[in-house]
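Number of protein chains: 2
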Amino acid sequence: MISTVVYRGNIIFTKSSEKFTVIENGYIFVKNGKVDKIKSELSKEDEVYEIIDYKDKLIIPGFIDLHLHAPQYANLGLGMDKQLLEWLDEYAFPEESKFKDLMYTEKVYKKVVKELWRCGTTRSVVFGSVHKDATKILMDLFIKSGLGAFVGKVNMDRNSPDYIIEDTQKSINDTEEIVCEYSNKSRLVKPIITPRFVPSCSSQVMQGIGAIAKKYNIPVQSHLSENISEIQWVKELHPECKEYGNVYNKFGLFGEVPTIMAHCIYSSEREMNLIKNNGVIAVHCPTSNLNVATGIMPVRKFMEKGITVGLGCDISGGHKISIPNVMVAAVQMSKMKWLESDKTYKPLTTAEVFYMGTKAGGKFFGKVGSFEEGYEFDALIIDDSSLGDLDRTIEERLQRYIYIGDDRNIVERYVAGQKISEPKF
Amino acid sequence: MISTVVYRGNIIFTKSSEKFTVIENGYIFVKNGKVDKIKSELSKEDEVYEIIDYKDKLIIPGFIDLHLHAPQYANLGLGMDKQLLEWLDEYAFPEESKFKDLMYTEKVYKKVVKELWRCGTTRSVVFGSVHKDATKILMDLFIKSGLGAFVGKVNMDRNSPDYIIEDTQKSINDTEEIVCEYSNKSRLVKPIITPRFVPSCSSQVMQGIGAIAKKYNIPVQSHLSENISEIQWVKELHPECKEYGNVYNKFGLFGEVPTIMAHCIYSSEREMNLIKNNGVIAVHCPTSNLNVATGIMPVRKFMEKGITVGLGCDISGGHKISIPNVMVAAVQMSKMKWLESDKTYKPLTTAEVFYMGTKAGGKFFGKVGSFEEGYEFDALIIDDSSLGDLDRTIEERLQRYIYIGDDRNIVERYVAGQKISEPKF
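Chains A and B, in that order, are what the protein sequence lines are. Numbering-wise, the working numbering puts 45 at position 25 of the first sequence, and it's gapless, one number per residue. Numbering-wise, the working numbering puts 436 at position 416 of the second sequence, and it's gapless, one number per residue.
It is worth saying that the hints were derived from the structure and are not from the lab. Each hint should be verified, as a subset may be incorrect.
Given that identical chains are not distinguished, each listed pair holds provided it fits within a single copy or across any two copies.
Below are the BS3-like pairs computed for lysine-lysine, each with C-alpha atoms no more than 30 angstroms apart in a straight line [what the hints assert, rightly or not]:
1. Lys118 - Lys51
2. Lys127 - Lys59
3. Lys39 - Lys444
4. Lys130 - Lys75
5. Lys444 - Lys234
6. Lys321 - Lys366
7. Lys296 - Lys120
8. Lys35 - Lys102
9. Lys363 - Lys321
10. Lys134 - Lys75
11. Lys102 - Lys325
12. Lys321 - Lys57
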């Protein structure tokens with residue numbers, strides 16, 4: 021049965037990163053969960069459809085978060101004065117090790133999914149922990165919630181604390197078990213291969229999970245070139261590889277299947293070209309980069325090369341799950357990059373970061389993150405009446421919501437045409 | 021009549037910028053609105069006092085905002101992709117010119133005061149517009165609210181758009197009128213001399229208001245060394261002065277009375293020494309500096325010189341009134357400065373930015389911003405139970421609130437011992 025619903029409101033989205041597309045008081049026709057068309061006015065024959073009128077509110081695509089660590093949720097806003105290694109040892113790793121306890125897992129992961137819902141993140145790409153069962157719990161919670169997600173069991177079998185390191189073969193087997201069990205369990209929630217990063221993954225484990233990725237056509241996520249000492253370390257571990265990215269590439273983990281790499285702050289020209297040629301998506305995580313004091317990704321340079329760049333909140337390096345918060349930080353850091361580069365790299369615009377946090381990130385999920393024909397209807401309804409005068413352009417109202425709004429302004433969330441209520445767990 | 025009230029809770033504040041002082045489950049004795057003492061346990065003779073038990077909540081000093089432009093409130097989150105001059109012409113000046121309309125003034129200024137209340141800013145130092153009557157309205161609203169503030173009528177009689185420029189003599193007269201009318205009207209709300217910045221103030225006006233400052237002993241606020249072209253401009257306008265700060269100094273506007281200077285991003289060594297020697301307070305406005313793309317103030321260097329540095333939200337260059345938001349940005353920018361300076365300037369710690377946003381800024385108001393003996397009891401009661409596990413150190417809980425909390429976590433506000441309810445206007 022074909023079902024069409026029409027949503028009315030101030031529609032705004034980014035077809036391209038150059039500018040917003042705005043249909044003031046427009047109508048989005050959604051057919052079987054997908055955008056069919058947008059019209060400025062209804063005609064006689066449209067009267068047969070159900071019309072949901074959001075009046076003066078904004079209708080925008082749902083937010084896409086390409087990088088976050090679910091098991092670090094309880095560390096949000098903690099350890100922010102620590103140096104990276106101290107922070108990993110005192111906060112990140114001890115917390116992640118708790119996910120062998122499934123009661124604790126359930127308690128925290130319920131909060132993570134609720135918080136994503138609350139912040140309007142309709143789709144996300146998520147690191148779990150090394151724990152197979154905990155990862156399955158997270159996937160099941162996402163399925164229950166109606167939100168979309170790729171969720172990865174982390175692989176780490178070297179250079180990691182004893183209490184969290186994995187046996188190589190078990191790491192590979194557990195990964196395959198999840199892939200087999202979850203590949204077709206849900207349309208919206210899928211497994212993803214997740215080597216933590218090169219220093220914590222042996223060649224054997226990368227080989228093993230690379231083969232799984234290929235065999236089952238499962239996408240990959242990891243970290244890349246986040247800081248200089250890490251890059252140096254990778255060079256020492258893999259002198260045979262010219263660039264950090266080449267290590268993943270060697271094991272089929274760099275674009276053979278759809279691949280996401282977080283950070284890419286210090287990627288060389290050669291690594292950028294590899295990213296570009298292999299169709300890898302780079303994820304900019306500005307709040308995390310600020311908090312962990314890693315540096316400023318030259319996003320403009322990536323864009324000029326034609327690399328797809330999405331956004332990630334990267335909790336708990338990043339301190340908030342909110343993608344608008346990340347968008348603001350992305351603009352702000354690009355302004356610092358602009359100064360630092362002697363005004364070579366133009367600052368990012370609001371349209372550009374909005375594109376990154378919707379359509380660019382959405383590519384990883386298929387046709388998601390825009391309101392063009394054929395796109396899944398992932399949408400947020402924004403009531404910005406508490407933020408100031410509504411007698412502004414729709415672009416201005418959206419920018420204001422991004423900068424000064426919060427979850428209180430999101431009044432409805434849709435994923436693939438379904439209205440998603442607050443998870444009841 | 022002497023009245024003492026005892027507040028119980030987890031008390032945390034910064035005597036010095038080096039570290040937090042914490043009294044878990046402690047008692048603050050407040051006598052006639054001032055902190056008398058703090059005790060860890062009550063003794064028999066304390067039973068005579070009224071005890072207000074905030075149980076597991078945090079008790080922290082109220083936030084102090086040393087720099088914000090009240091008439092730019094309606095521009096919050098707007099024009100963020102514009103360059104500074106464009107933004108001034110398209111957003112800032114047109115908006116400020118509206119404050120000749122007293123109906124509009126009242127509408128906006130009510131929102132400003134409410135928003136300060138909502139965000140826990142118990143004391144602020146505020147730029148008004150050039151308009152005398154609008155400035156009086158703002159002062160009266162502050163008085164009604166119970167919050168503390170210094171409020172300045174702006175002076176600008178050159179190099180400004182026609183529709184907002186002042187006549188020199190009227191600028192001086194209006195300033196004096198406000199000073200006379202408001203110096204003793206309220207204990208908590210006071211006038212402040214407010215030349216916009218050197219380029220928009222003639223020598224004549226600076227002379228005039230400098231004389232008023234001296235005659236009535238009224239403090240001064242302005243902008244200093246925010247960006248490089250501005251400094252260049254000042255040099256051209258005042259070739260007789262070696263540094264930007266010397267221009268203010270020449271007219272008695274740089275420390276002869278208590279003085280606040282916002283930004284100080286590009287102050288030279290010589291200007292810093294002048295700031296230091298004249299006891300001028302520097303205001304760091306990191307969110308504004310990011311949005312307006314001016315640069316990163318070398319806060320560590322100022323601190324090492326022994327200069328007092330406070331915080332300012334600087335709306336609407338800054339996009340949020342919240343001081344915790346400014347504290348996070350201050351830490352983050354200091355981490356970028358640390359990288360940029362090849363790790364010379366150590367990042368600011370949470371204790372340091374908290375000190376800046378409470379006790380350092382509070383100095384401008386007398387004994388404000390700490391819970392030491394004799395300090396006015398300006399306090400916020402923070403319920404952080406929605407932010408995560410309470411089984412953390414009090415320092416961790418405060419840091420978490422600063423990073424991920426918001427106005428919803430502030431359950432009570434006190435100014436000078438008085439509980440302040442949401443302004444009823």
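For each hint, the structure was consulted:
no.: 1; hint: Lys118 - Lys51; in the structure: neither (44 angstroms within a copy, 47 angstroms between copies)
no.: 2; hint: Lys127 - Lys59; in the structure: neither (44 angstroms within a copy, 37 angstroms between copies)
no.: 3; hint: Lys39 - Lys444; in the structure: neither (38 angstroms within a copy, 42 angstroms between copies)
no.: 4; hint: Lys130 - Lys75; in the structure: between (33 angstroms within a copy, 28 angstroms between copies)
no.: 5; hint: Lys444 - Lys234; in the structure: neither (36 angstroms within a copy, 64 angstroms between copies)
no.: 6; hint: Lys321 - Lys366; in the structure: both (10 angstroms within a copy, 29 angstroms between copies)
no.: 7; hint: Lys296 - Lys120; in the structure: neither (38 angstroms within a copy, 56 angstroms between copies)
no.: 8; hint: Lys35 - Lys102; in the structure: between (40 angstroms within a copy, 22 angstroms between copies)
no.: 9; hint: Lys363 - Lys321; in the structure: both (13 angstroms within a copy, 25 angstroms between copies)
no.: 10; hint: Lys134 - Lys75; in the structure: both (27 angstroms within a copy, 28 angstroms between copies)
no.: 11; hint: Lys102 - Lys325; in the structure: between (35 angstroms within a copy, 25 angstroms between copies)
no.: 12; hint: Lys321 - Lys57; in the structure: neither (34 angstroms within a copy, 57 angstroms between copies)
Violation of the numbered hints given earlier is confined to hints 1, 2, 3, 5, 7, 12; the remaining hints are satisfied by the structure.
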